[in-house]
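Build out the structure end to end from the sequences listed, making use of the hints.
So for the sequence shown, full-length UniProt numbering puts the first residue at 1; every next one is plus one.
It should be emphasised that the hints constitute simulated quantities derived from the structure, not laboratory data. C-beta: ideal position from N, C-alpha, C; glycine also. Just so you know, not all the hints are guaranteed correct.
Unchecked claim - Once the Cα atoms are required to be at most 25 Å apart in a straight line, the calculated SDA-like pairs of lysine to any residue come out as:
(1) Lys16 <-> Ile5
(2) Lys16 <-> Thr3
(3) Lys10 <-> Ser62
(4) Lys8 <-> Asp51
(5) Lys43 <-> Phe7
(6) Lys69 <-> Val56
(7) Lys43 <-> Gly28
(8) Lys52 <-> Glu70
(9) Lys21 <-> Leu50
(10) Lys52 <-> Gly17
(11) Lys10 <-> Ile64
(12) Lys52 <-> Val65
(13) Lys8 <-> Asp63
(14) Lys69 <-> Val47
(15) Lys10 <-> Leu26
(16) Lys52 <-> Gln71
(17) Lys21 <-> Gln60
(18) Lys52 <-> Thr2
(19) Lys21 <-> Thr3
(20) Lys69 <-> Glu25
(21) Lys43 <-> Leu26
(22) Lys21 <-> Asn39
(23) Lys16 <-> Cys38
(24) Lys8 <-> Ile45
(25) Lys69 <-> Lys21
(26) Lys16 <-> Thr2
(27) Lys21 <-> Ala36
(28) Lys8 <-> Gly28
Claimed, not checked - Have a look at the derived ranges for each label pair, beta carbon to beta carbon:
(29) Thr19 <-> Lys69: 16 to 22 Å
(30) Gln71 <-> Leu26: 36 to 42 Å
(31) His44 <-> Ala24: 16 to 22 Å
(32) Thr3 <-> Leu50: 24 to 30 Å
(33) Ser55 <-> Ala14: 18 to 24 Å
(34) Lys10 <-> Ser55: 15 to 21 Å
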Amino acid sequence: MTTSISFKLKQLLAVKGITQKQLAELTGIRPPTISAMCNNHAKHIPVDVLDKICSVLDCQPSDIVEYVKEQ
Numbered sequence: 001m002t003t004s005i006s007f008k009l010k011q012l013l014a015v016k017g018i019t020q021k022q023l024a025e026l027t028g029i030r031p032p033t034i035s036a037m038c039n040n041h042a043k044h045i046p047v048d049v050l051d052k053i054c055s056v057l058d059c060q061p062s063d064i065v066e067y068v069k070e071q
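Shown next as structure tokens:
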């Protein structure tokens with residue numbers, strides 16, 4: 001069994017009606033970082049980045065990332 005971390009930011013932004021560019025402007029996070037998270041290419045996310053996103057989107061970290069067990 002393998003495991004992975006999956007990002008759900010793209011879906012969350014769609015639900016909230018916010019673009020990646022708007023999120024970058026609201027959080028001060030670089031657009032390439034937001035894009036990497038939206039496209040599941042991010043290798044790590046600093047806690048302060050996660051905190052900024054959660055604050056702006058009024059959500060929990062579990063709304064952004066999920067732990068996936070694959071068989």
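Evaluation of the provided hints:
Taking the CA atoms of Lys16 and Ile5, the gap is about 22 Å. The hint holds against a cut of 25 Å. About 28 Å separates the Cα atoms of Lys16 and Thr3, which puts this hinted pair outside 25 Å; it is violated. Distance hint between Lys10 and Ser62 is fulfilled; the C-alpha atoms sit about 14 Å from each other, no more than 25 Å. Taking the CA atoms of Lys8 and Asp51, the gap is about 15 Å. The hint holds against a cut of 25 Å.
A threshold of 25 Å between alpha carbons decides the hint, and for Lys43 with Phe7 the separation of about 11 Å falls inside it, so the pair holds. The suggested pairing of Lys69 with Val56 is violated, with an alpha-carbon distance near 29 Å, which exceeds 25 Å. Between Lys43 and Gly28, the direct Cα distance comes to roughly 19 Å. Compliance with the 25 Å bound is thereby established for this hinted pair. The straight-line distance between the Cα atoms of Lys52 and Glu70 is roughly 30 Å, outside the 25 Å bound, and the hint therefore fails.
For the hint pairing Lys21 with Leu50, the CA-to-CA distance comes to about 16 Å; that is within 25 Å, so the pair holds. At most 25 Å may separate the alpha-carbon atoms for a hinted pair to count; Lys52 and Gly17 meet this at roughly 17 Å. For the hint pairing Lys10 with Ile64, the CA-to-CA distance comes to about 9 Å; that is within 25 Å, so the pair holds. As the CA atoms of Lys52 and Val65 are separated by approximately 14 Å, the hinted pair is consistent with the 25 Å bound.
For the given pair, Lys8 sits about 7 Å from Asp63 by alpha-carbon distance, which is consistent with the 25 Å threshold. For the hint pairing Lys69 with Val47, the CA-to-CA distance comes to about 23 Å; that is within 25 Å, so the pair holds. Between Lys10 and Leu26 the CA atoms are separated by roughly 16 Å; this keeps the pair inside 25 Å, and the hint holds. Simply put, Lys52 and Gln71 have alpha-carbon atoms about 33 Å apart, too far for the 25 Å limit, and the pair is violated.
At most 25 Å may separate the alpha-carbon atoms for a hinted pair to count; Lys21 and Gln60 meet this at roughly 21 Å. For the given pair, Lys52 sits about 30 Å from Thr2 by alpha-carbon distance, which is inconsistent with the 25 Å threshold. Under the criterion of a C-alpha separation no larger than 25 Å, the hint pairing Lys21 with Thr3 is inconsistent with the structure, at around 30 Å. Between Lys69 and Glu25, the direct Cα distance comes to roughly 34 Å. Violation of the 25 Å bound is thereby established for this hinted pair.
In summary, the hint linking Lys43 to Leu26 is supported, as the alpha carbons are separated by about 23 Å, within the 25 Å threshold. A hinted pair counts as satisfied when its Cα atoms are at most 25 Å apart, and Lys21 with Asn39 qualifies at roughly 14 Å. At roughly 14 Å between alpha-carbon atoms, Lys16 and Cys38 fall within 25 Å of each other, so this suggested pair holds. For the hint pairing Lys8 with Ile45, the CA-to-CA distance comes to about 13 Å; that is within 25 Å, so the pair holds.
A C-alpha spacing of about 31 Å is found between Lys69 and Lys21, which places the hinted pair above 25 Å, so the restraint is violated. A hinted pair counts as satisfied when its Cα atoms are at most 25 Å apart, and Lys16 with Thr2 does not qualify at roughly 31 Å. At most 25 Å may separate the alpha-carbon atoms for a hinted pair to count; Lys21 and Ala36 meet this at roughly 13 Å. Simply put, Lys8 and Gly28 have alpha-carbon atoms about 20 Å apart, close enough for the 25 Å limit, and the pair holds.
Our hint of 16 to 22 Å for Thr19 and Lys69 is violated, since their Cβ atoms are close to 32 Å apart. In this structure, Gln71 and Leu26 meet the distance hint of 36 to 42 Å, their C-beta atoms being roughly 38 Å apart. The hinted range of 16 to 22 Å is satisfied by His44 and Ala24, whose Cβ atoms lie roughly 18 Å apart. Checked against the hint of 24 to 30 Å, the C-beta distance between Thr3 and Leu50 comes to roughly 19 Å, which is inconsistent with it.
Distance hint check: the CB atoms of Ser55 and Ala14 are about 19 Å apart, consistent with the given range 18 to 24 Å. Between Lys10 and Ser55 the Cβ separation comes to about 19 Å, which falls inside the hinted range of 15 to 21 Å.
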